[in-house]
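Protein chains in written order, with the numbering used here: chain W, 1 to 569; chain U, 1 to 569.
Among the clues, some could well be false.
Each pair may be met inside one copy or between any two copies, as identical chains are not told apart.
[Claimed, not checked] Calculated cross-link-like contacts (lysine to any residue; reagent style SDA-like; alpha-carbon spacing at most 25 Å):
#1 Lys263 to Glu73
#2 Lys57 to Phe361
#3 Lys56 to Gln270
#4 Lys57 to Thr476
#5 Lys434 to Asn289
#6 Lys57 to Glu73
#7 Lys288 to Thr415
#8 Lys434 to Thr53
#9 Lys434 to Ala396
#10 Lys349 to Leu257
#11 Lys288 to Gly413
#12 Lys349 to Glu136
#13 Lys56 to Ser383
#14 Lys57 to Pro429
#15 Lys263 to Ala346
#16 Lys434 to Gly413
#17 Lys288 to Ala382
Calculated from the structure, these hints are not laboratory results.
2 protein chains.
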Amino acid sequence: MKVLIIGGVAGGATAAARLRRLDEEAQIVMLERSGYVSYANCGLPYYVGGEITDRKKLTLQTPESFAGRFRVEARVRQEALSIDRAAKQVRVRRLDDGSEYTESYDKLILAPGARPVRPPLPGIDGGRIFTLRTVEDTFALRGFIEEQRPARAVVVGGGFIGLEMAENLTRAGLSVTLVERLDQVLAPLDRDMAALLHAHLRDKGVTLRLETAVADFEDCGGGVRTLLEGGEALEADLVLLAIGVSPDTRLAEEAGLALGARKSIAVDEQMRTSDPDIYAVGDAVQVKNLITGAPALLPLAGPANKQARIAADNICGRPSRFSGVQGTSVLKLFDLTAASTGLNEAAAKAAGIAFDKVVTFSANHASYYPGAVNMTVKVLFASDTGRLLGAQIVGAEGVDKRIDVLAAAIRGGLTGPDLTELELAYAPPYSSAKDPVNMAGYVIENLLTGTVRQFHWDQVDALPRDGSVTLLDTRTDAEYGAGHIEGTVHIPLDSLRQRLSELDPAKPVYVNCQSGLRSYIACRILSQNGFTCYNLSGGYRFYEIVKRQSALDTAPAHPCGLPVDQKKA
Amino acid sequence: MKVLIIGGVAGGATAAARLRRLDEEAQIVMLERSGYVSYANCGLPYYVGGEITDRKKLTLQTPESFAGRFRVEARVRQEALSIDRAAKQVRVRRLDDGSEYTESYDKLILAPGARPVRPPLPGIDGGRIFTLRTVEDTFALRGFIEEQRPARAVVVGGGFIGLEMAENLTRAGLSVTLVERLDQVLAPLDRDMAALLHAHLRDKGVTLRLETAVADFEDCGGGVRTLLEGGEALEADLVLLAIGVSPDTRLAEEAGLALGARKSIAVDEQMRTSDPDIYAVGDAVQVKNLITGAPALLPLAGPANKQARIAADNICGRPSRFSGVQGTSVLKLFDLTAASTGLNEAAAKAAGIAFDKVVTFSANHASYYPGAVNMTVKVLFASDTGRLLGAQIVGAEGVDKRIDVLAAAIRGGLTGPDLTELELAYAPPYSSAKDPVNMAGYVIENLLTGTVRQFHWDQVDALPRDGSVTLLDTRTDAEYGAGHIEGTVHIPLDSLRQRLSELDPAKPVYVNCQSGLRSYIACRILSQNGFTCYNLSGGYRFYEIVKRQSALDTAPAHPCGLPVDQKKA
Chain W
1 MKVLIIGGVA GGATAAARLR RLDEEAQIVM LERSGYVSYA NCGLPYYVGG
51 EITDRKKLTL QTPESFAGRF RVEARVRQEA LSIDRAAKQV RVRRLDDGSE
101 YTESYDKLIL APGARPVRPP LPGIDGGRIF TLRTVEDTFA LRGFIEEQRP
151 ARAVVVGGGF IGLEMAENLT RAGLSVTLVE RLDQVLAPLD RDMAALLHAH
201 LRDKGVTLRL ETAVADFEDC GGGVRTLLEG GEALEADLVL LAIGVSPDTR
251 LAEEAGLALG ARKSIAVDEQ MRTSDPDIYA VGDAVQVKNL ITGAPALLPL
301 AGPANKQARI AADNICGRPS RFSGVQGTSV LKLFDLTAAS TGLNEAAAKA
351 AGIAFDKVVT FSANHASYYP GAVNMTVKVL FASDTGRLLG AQIVGAEGVD
401 KRIDVLAAAI RGGLTGPDLT ELELAYAPPY SSAKDPVNMA GYVIENLLTG
451 TVRQFHWDQV DALPRDGSVT LLDTRTDAEY GAGHIEGTVH IPLDSLRQRL
501 SELDPAKPVY VNCQSGLRSY IACRILSQNG FTCYNLSGGY RFYEIVKRQS
551 ALDTAPAHPC GLPVDQKKA
Chain U
1 MKVLIIGGVA GGATAAARLR RLDEEAQIVM LERSGYVSYA NCGLPYYVGG
51 EITDRKKLTL QTPESFAGRF RVEARVRQEA LSIDRAAKQV RVRRLDDGSE
101 YTESYDKLIL APGARPVRPP LPGIDGGRIF TLRTVEDTFA LRGFIEEQRP
151 ARAVVVGGGF IGLEMAENLT RAGLSVTLVE RLDQVLAPLD RDMAALLHAH
201 LRDKGVTLRL ETAVADFEDC GGGVRTLLEG GEALEADLVL LAIGVSPDTR
251 LAEEAGLALG ARKSIAVDEQ MRTSDPDIYA VGDAVQVKNL ITGAPALLPL
301 AGPANKQARI AADNICGRPS RFSGVQGTSV LKLFDLTAAS TGLNEAAAKA
351 AGIAFDKVVT FSANHASYYP GAVNMTVKVL FASDTGRLLG AQIVGAEGVD
401 KRIDVLAAAI RGGLTGPDLT ELELAYAPPY SSAKDPVNMA GYVIENLLTG
451 TVRQFHWDQV DALPRDGSVT LLDTRTDAEY GAGHIEGTVH IPLDSLRQRL
501 SELDPAKPVY VNCQSGLRSY IACRILSQNG FTCYNLSGGY RFYEIVKRQS
551 ALDTAPAHPC GLPVDQKKA
């Protein structure tokens, strides 16, 4: 059996290694367009920023090491031009000299990945406009930074790569403006959770331009001018394009393979395309969302690795299936960690699933042990069954742990209340006796049992201030004095029982504290005293940060009359 | 309704708060024998060691704060003497003046916790012999250290408290000898995993005396002499007793409540004792092991908190049940983290469950990202169904995350192969595209599908060296030169295919590498070439560390003729 693999990074290289482990006799040829195989794709931004300094660390595997260990013939700088499915042949070009040849296959694995989107804008091919997909891209950008000592960068796109590059370019000493077409960064998060990232980006000196589209790029005396729709211009020394990626599926399309959404490659659960001798894996394929059953694209390394193993298994006659994705991801952004799994609000709405949500604010470990930091945890669950639908967490240490626990819980089909029963490891340096995941479960249980009702930050400002409802702040005097929701009555929790007579039981009470815990206790006191009441989910803290960031998002771009980039320079 | 709670730490305080949230009208009285309520029980060792410096952090809650927020009458230094179940009354002594009174109840919650075991050894009540259960114990020990400046400590017992105290006494500047009756520390771990802790304790300068029992304590000119069974004596300035805890159930026993194992309090799933008006929660109660269904005692804070909430729910008429424990725990030990969940080998054997196991050695995050450290992961699964039974992990950063993911997976009823499908969050600072949990799943899958067979460290030395089998080491020359299993043939993996003719296909081959990954690849090459072969689980590294530690465990206690404590002094 001869297996030809097109693409030699995450999916391709994993498939090659697994194939060899299962079949000593197979001939395995792996073609890679770039000059490197199985490189540290996800580590590239950190080389640009200088967090990873040894370039050899990015390229631990080589064609020689693949040959030595796996007897895989890995050929770099070889571009697959076309597939002749009838003849079971691929036409290949050697990029070094332009010569071409034909390679046959019994089974073909397509692992072409995804390409950075490059919209056809004027000037987009300028020498100061970079993308980051390959090792070559990375060395080029790092080389530019070391040689040219640029001071200002415009990053276009606020997804994973855009955000990682905003951090790493800042780390490399550049002043960064991040331009994003949508009203938030990091689309897997809901906008309220993304606001926590907006705040952190601004704290770190990144200029954030949301709902801003790029129209044009121009050279300008030793720099590059990014023209925005609306006419404003941002001057910088380099532009990093990270608008997103699209499946690199020209080859599959031209070969007449069935395509999925966004021209992805359609595959079955065995990772087989519409041609039974051609498999496809990784960023280029369409998969199934585990929770909704809907088609999905998820260009991440974890699923690519899993799919590659599954394709190899099936090629070698071992039944194996890829059951789908839930979209678990994590991002480091300066001192923050942002992670998500499953559905966010937009995805749940799009899937037509009736859901509710909780927002909690919990310490990563015992608050009395040094270094405790809180994280904001948002969990979505089905209104009817309580089934977990998704989770988003923004914080610092311990965020990745809780998202993985929630990812496993979703995979295991657990409900929100089941989270209360999870027996997680507790010692003061690691967690609390009630882990943040347990806490989210308790709040969900309280909602589902009707123990408390809640309202959300985006309903606060619309509450009537005409005296028909009561807004109640249960925080301390100091907290209240430092900022509060307009129109609130202020009664600290610990004096609420004594001062109940100040509240009108005929009026619904909307209660807040800082994070939602004290106001929950207040709601229990109030409801048992005949009040109808609602707890502000996530507390004043969440309301305030989302509202403040929203105001900054839409603030005039250059209040001093100067372009943003000049202020920072 | 009047609810009386005996015990005001984790279980008692949690029950009180939940009761109040559910019932504004109830009278709630909480009696605590020590001088503090709801204190940071698990933080006490870290105050002794100086990691936590502010004593107020240990005692964030006070009777006053409980009264203010929850209208709970918390009375400290009050000892419950007896329960009159017929009259529904408890006799109470005020420890400050010795006076007594009677307190009635409608519902009683017993949350007495567990007491440190103090065997009736001569001299055990000496002034230099400490235990650590209460805040008072903690301040006494810390005060002793600050005033007396002791140089040497003997810690008796190698469980959680003993190990945390070995670390914290070392941190406080003392030279520590740890005496443990069993042949390992930390009983939730199998002995091979505990060997990793033994090595670390020794690296950190702790003198480890395993399989050593204490016979007697004697004063000796300004110090305390610990006489061991066998006649040896350890001189020190203080002794910390941490032999374990036993349920503090005299009150329940004398009241005629049904007892469970080790005189624990028997409760049903509603946390109700044999008296329908008396509930019990926390370290004193017998619970059910989720995996085996057998009765279990698990004196940990997490379950205590969960049980307390459940007891309060049931008292307030909300159906709620405690489904059982799986025994998830985690320990910080100097620079290591050790964690476990579910069954270890001894527990699986005791339960009569046929199991198999894998040992892997995986990096906490991408190896090319700074700070990657490996962890040893051991996972037990049912031989027939593949169902996960338990896991143990020893390493540093990221251990607590993986044990929690595995705990959730066990809770969700997943199998070992299901771990391959877990979609966990990957970015280079947090994990690898194949997380350590996924890796364990792949190895289990390979075993269950017969893709590889394995052997274990404790089988190595018993393999015949008479030429009837081949022992093969597939590591590099440098690795092999630095130490190897006696009698191995050495062929580095990458030249194995070329040198196959050196091996006799008629003989079974026992293959090792450093961690088990390269030898797995070697096994795949060999088995496809007609060899019967076995992969050394956990690799040479695991074999070597367990063997070396075992040799140290049984080494003569004082090779230079000096007592161990004098060598260290």
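Outcome of the hint check:
1. Lys263 to Glu73: So Lys263 and Glu73 fail the 25 Å test inside a copy (29 Å) and across (67 Å) alike.
2. Lys57 to Phe361: Between. Shortest inter-copy distance 20 Å satisfies the 25 Å Cα cut-off; intra-copy 38 Å does not.
3. Lys56 to Gln270: neither (35 Å within a copy, 59 Å between copies)
4. Lys57 to Thr476: Between. Shortest inter-copy distance 20 Å satisfies the 25 Å Cα cut-off; intra-copy 52 Å does not.
5. Lys434 to Asn289: Only across copies: Lys434 and Asn289 sit 20 Å apart there, 31 Å inside one copy, limit 25 Å.
6. Lys57 to Glu73: within (22 Å within a copy, 62 Å between copies)
7. Lys288 to Thr415: both (21 Å within a copy, 22 Å between copies)
8. Lys434 to Thr53: Between copies, since 24 Å is at most 25 Å while 40 Å is not.
9. Lys434 to Ala396: both (18 Å within a copy, 22 Å between copies)
10. Lys349 to Leu257: Classified as neither: same-chain Cα gap 32 Å, cross-chain 53 Å, threshold 25 Å.
11. Lys288 to Gly413: Classified as both: same-chain Cα gap 17 Å, cross-chain 23 Å, threshold 25 Å.
12. Lys349 to Glu136: Neither. Shortest intra-copy (41 Å) and inter-copy (55 Å) distances fail the 25 Å Cα cut-off.
13. Lys56 to Ser383: The answer is neither: 51 Å in one copy and 42 Å across copies each exceed 25 Å.
14. Lys57 to Pro429: between (32 Å within a copy, 14 Å between copies)
15. Lys263 to Ala346: within (23 Å within a copy, 54 Å between copies)
16. Lys434 to Gly413: This pair counts as both: shortest intra-copy Cα distance 21 Å, inter-copy 22 Å.
17. Lys288 to Ala382: Only inside one copy: Lys288 and Ala382 sit 20 Å apart there, 30 Å across copies, limit 25 Å.
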